[in-house]
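Engineer: Chain by chain, the residues run as shown.
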Amino acid sequence: DAGVTQSPTHLIKTRGQHVTLRCSPISGHKSVSWYQQVLGQGPQFIFQYYEKEERGRGNFPDRFSARQFPNYSSELNVNALLLGDSALYLCASSLADPIVGYTFGSGTRLTVV
Amino acid sequence: AQSVTQLGSHVSVSEGALVLLRCNYSSSVPPYLFWYVQYPNQGLQLLLKYTTGATLVKGINGFEAEFKKSETSFHLTKPSAHMSDAAEYFCAVSWNNNDMRFGAGTRLTVKP
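In order, the protein sequences belong to chains D and B.
Read in order, the letters of the first sequence are residues 1 to 113 in this note's numbering.
Read in order, the letters of the second sequence are residues 1001 to 1112 in this note's numbering.
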């Protein structure tokens, strides 16, 4: 069975640019969450989506946005990139009730120069 | 503010020794509790979780954790460390269904 897949695995962007990160959840999982993990820190919650609706939002600026598609895949968009946006972006999926535990993808390593 | 604290950013043990990784949370309302492991260049893998019921929870790879409400703790233990246990370990809590809050992580080193 395919796990949570994220693309791309790595990318380098310049300050001020825009980036789109993609996530495909495990088949049957309807909830997708996004996390930012800065080097040396724990993951920080960005968004949670369930059935294409935003269920939660962390303390991130409006430059960060996301959406979930009818097939439950998801995109995370970041506008006007800053150097501080450099991080590992993790996508996690779960069944309807995420409390049973998330399954994480391997992440997208974003470097902003 | 609700928070998660992992005491000790680095823990080093000898192979075969007891592993103890500490996690405390700040809240009067018991949360749901999780431990995840992260190997280099990989995502997070769920080790175990506590939601309700028995406070001693057994997970994968021989790990277990005990929820102690009076101490607001959820420490992770393993009786005998193996070289393959070397990784970053994250404690996480959730007070609702919308987000999970992670600690800063503890890097476990296992010496031969």
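Check before you lean on any hint, since a few could be wrong.
[What the hints assert, rightly or not] Here are the computed lysine-lysine pairs in the BS3-like style, where the Cα-Cα straight-line distance is at most 30 Å:
{"hint": "1", "chain 1": "D", "residue 1": "Lys30", "chain 2": "B", "residue 2": "Lys1111"}
{"hint": "2", "chain 1": "B", "residue 1": "Lys1068", "chain 2": "D", "residue 2": "Lys52"}
{"hint": "3", "chain 1": "B", "residue 1": "Lys1058", "chain 2": "B", "residue 2": "Lys1068"}
{"hint": "4", "chain 1": "D", "residue 1": "Lys30", "chain 2": "D", "residue 2": "Lys52"}
{"hint": "5", "chain 1": "D", "residue 1": "Lys30", "chain 2": "B", "residue 2": "Lys1058"}
{"hint": "6", "chain 1": "B", "residue 1": "Lys1111", "chain 2": "B", "residue 2": "Lys1049"}
{"hint": "7", "chain 1": "D", "residue 1": "Lys52", "chain 2": "D", "residue 2": "Lys13"}
{"hint": "8", "chain 1": "B", "residue 1": "Lys1058", "chain 2": "B", "residue 2": "Lys1069"}
{"hint": "9", "chain 1": "B", "residue 1": "Lys1068", "chain 2": "B", "residue 2": "Lys1049"}
[Said to hold, decoys possible] Selected chain B positions facing chain D (in silico; Cβ < 8 Å):
{"hint": "10", "residue": "Leu1046"}
{"hint": "11", "residue": "Ala1086"}
{"hint": "12", "residue": "Ala1087"}
[To be verified] Using C-beta positions, here's what the derived DEER-type ranges look like:
{"hint": "13", "chain 1": "D", "residue 1": "Lys30", "chain 2": "B", "residue 2": "Pro1030", "range": "21 to 31 Å"}
{"hint": "14", "chain 1": "B", "residue 1": "Ser1084", "chain 2": "D", "residue 2": "Leu39", "range": "15 to 25 Å"}
{"hint": "15", "chain 1": "B", "residue 1": "Ser1070", "chain 2": "D", "residue 2": "Ala80", "range": "10 to 20 Å"}
{"hint": "16", "chain 1": "D", "residue 1": "Thr20", "chain 2": "B", "residue 2": "Gln1045", "range": "43 to 53 Å"}
{"hint": "17", "chain 1": "D", "residue 1": "Leu83", "chain 2": "B", "residue 2": "Gly1016", "range": "42 to 52 Å"}
{"hint": "18", "chain 1": "D", "residue 1": "Val38", "chain 2": "B", "residue 2": "Gly1008", "range": "38 to 48 Å"}
{"hint": "19", "chain 1": "D", "residue 1": "Arg63", "chain 2": "B", "residue 2": "Ala1017", "range": "23 to 33 Å"}
In case anyone wonders, no lab produced these hints; they're calculated from the structure.
Here a beta-carbon is modelled for each residue, glycine too, at the ideal position from N, C-alpha and C.
Engineer: All hints are to be evaluated individually against the structure, with a verdict given for each.
Structural biologist: Status of each hint after checking the structure:
no.: 1; hint: D:Lys30 - B:Lys1111; result: violated, 42 Å
no.: 2; hint: B:Lys1068 - D:Lys52; result: violated, 37 Å
no.: 3; hint: B:Lys1058 - B:Lys1068; result: holds, 15 Å
no.: 4; hint: D:Lys30 - D:Lys52; result: holds, 8 Å
no.: 5; hint: D:Lys30 - B:Lys1058; result: holds, 27 Å
no.: 6; hint: B:Lys1111 - B:Lys1049; result: holds, 27 Å
no.: 7; hint: D:Lys52 - D:Lys13; result: holds, 28 Å
no.: 8; hint: B:Lys1058 - B:Lys1069; result: holds, 17 Å
no.: 9; hint: B:Lys1068 - B:Lys1049; result: holds, 14 Å
no.: 10; hint: Leu1046; result: holds, 5 Å
no.: 11; hint: Ala1086; result: violated, 17 Å
no.: 12; hint: Ala1087; result: violated, 14 Å
no.: 13; hint: D:Lys30 - B:Pro1030: 21 to 31 Å; result: holds, 26 Å
no.: 14; hint: B:Ser1084 - D:Leu39: 15 to 25 Å; result: holds, 23 Å
no.: 15; hint: B:Ser1070 - D:Ala80: 10 to 20 Å; result: violated, 47 Å
no.: 16; hint: D:Thr20 - B:Gln1045: 43 to 53 Å; result: violated, 26 Å
no.: 17; hint: D:Leu83 - B:Gly1016: 42 to 52 Å; result: holds, 44 Å
no.: 18; hint: D:Val38 - B:Gly1008: 38 to 48 Å; result: violated, 20 Å
no.: 19; hint: D:Arg63 - B:Ala1017: 23 to 33 Å; result: violated, 46 Å
Of the numbered hints stated above, those contradicted by the structure are hints 1, 2, 11, 12, 15, 16, 18 and 19, listed in ascending order.
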